[in-house]
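Start counting the sequence shown at 1; every next residue gets the next number (full-length UniProt numbering).
Some clues are possibly wrong.
[To be verified] Derived EDC-like pairs: lysine to aspartate or glutamate, alpha-carbon spacing no greater than 16 Å straight-line:
| id | residue 1 | residue 2 |
| --- | --- | --- |
| 1 | K79 | D90 |
| 2 | K69 | E15 |
| 3 | K69 | D19 |
| 4 | K50 | D19 |
| 5 | K66 | E33 |
| 6 | K79 | E55 |
| 7 | K50 | E2 |
| 8 | K54 | E34 |
| 9 | K50 | E9 |
| 10 | K10 | E33 |
| 11 | K10 | D39 |
| 12 | K4 | E87 |
| 13 | K4 | E15 |
| 14 | K66 | E34 |
| 15 | K54 | D39 |
| 16 | K84 | E55 |
| 17 | K69 | D90 |
| 18 | K69 | D8 |
| 19 | K54 | E42 |
| 20 | K4 | E62 |
| 21 | K66 | E44 |
| 22 | K54 | D8 |
| 23 | K4 | D19 |
| 24 | K79 | D19 |
| 25 | K54 | E15 |
| 26 | K54 | E44 |
| 27 | K69 | E34 |
| 28 | K4 | E34 |
| 29 | K54 | E2 |
| 30 | K10 | E34 |
| 31 | K79 | E42 |
[As the list claims (entries may be wrong)] Pair by pair, the computed Cβ-Cβ distance ranges are:
| id | residue 1 | residue 2 | range |
| --- | --- | --- | --- |
| 32 | N7 | V93 | 16 to 22 Å |
| 33 | L74 | N6 | 15 to 21 Å |
| 34 | L74 | D19 | 27 to 33 Å |
| 35 | A46 | K66 | 26 to 32 Å |
These are calculated hints, taken from the structure and not from any lab test.
The structure displayed is predicted, hence computed values, not measured ones.
We put the CB at the ideal spot given by N, CA and C, even for glycine.
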Amino acid sequence: MEVKQNNDEKHGNFEAFIDGNHAGLMTYTWAGEERFIIDHTEVEEAYNGKGVGKEMLLAAVEFARKNGKTIIPLCPFAKASFQKHEELQDVLVNQTPAQ
1 MEVKQNNDEK
11 HGNFEAFIDG
21 NHAGLMTYTW
31 AGEERFIIDH
41 TEVEEAYNGK
51 GVGKEMLLAA
61 VEFARKNGKT
71 IIPLCPFAKA
81 SFQKHEELQD
91 VLVNQTPAQ
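Build out the structure end to end from the sequences listed, making use of the hints.
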């Protein structure tokens with residue numbers, strides 16, 4: 001699986017491809033210069049259950065860590081994933097330790 005990032009000053013996305021075929025898309029909107037909002041995640045039906053959403057989320061987390069950015073997960077998938085995976089929570093805006 002390959003995940004590519006497209007980014008401009010206001011919006012961006014992470015696009016997943018499997019064997020050259022479009023498998024999914026995670027979109028985000030910049031909220032200032034230091035944080036971005038993950039607002040939508042979609043996976044092509046043929047690739048459901050193959051970890052496409054998780055790979056795009058991991059790419060977003062890696063981008064945030066490398067660039068000193070934080071994430072606001074408004075998309076239900078991203079929000080639930082961050083709640084389940086404490087090891088990813090360091091990039092969340094106003095991150096507080098899990099209880």
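Tested hints:
no. : hint                   : verdict
1   : K79 to D90             : holds, 14 Å
2   : K69 to E15             : violated, 19 Å
3   : K69 to D19             : violated, 30 Å
4   : K50 to D19             : holds, 13 Å
5   : K66 to E33             : holds, 14 Å
6   : K79 to E55             : holds, 15 Å
7   : K50 to E2              : holds, 13 Å
8   : K54 to E34             : violated, 23 Å
9   : K50 to E9              : violated, 31 Å
10  : K10 to E33             : holds, 9 Å
11  : K10 to D39             : holds, 13 Å
12  : K4 to E87              : violated, 23 Å
13  : K4 to E15              : holds, 5 Å
14  : K66 to E34             : holds, 12 Å
15  : K54 to D39             : holds, 15 Å
16  : K84 to E55             : holds, 15 Å
17  : K69 to D90             : holds, 10 Å
18  : K69 to D8              : holds, 15 Å
19  : K54 to E42             : holds, 11 Å
20  : K4 to E62              : holds, 12 Å
21  : K66 to E44             : violated, 28 Å
22  : K54 to D8              : violated, 23 Å
23  : K4 to D19              : holds, 13 Å
24  : K79 to D19             : violated, 28 Å
25  : K54 to E15             : holds, 12 Å
26  : K54 to E44             : holds, 14 Å
27  : K69 to E34             : holds, 5 Å
28  : K4 to E34              : violated, 21 Å
29  : K54 to E2              : holds, 12 Å
30  : K10 to E34             : holds, 12 Å
31  : K79 to E42             : holds, 14 Å
32  : N7 to V93: 16 to 22 Å  : holds, 18 Å
33  : L74 to N6: 15 to 21 Å  : holds, 19 Å
34  : L74 to D19: 27 to 33 Å : holds, 31 Å
35  : A46 to K66: 26 to 32 Å : holds, 31 Å
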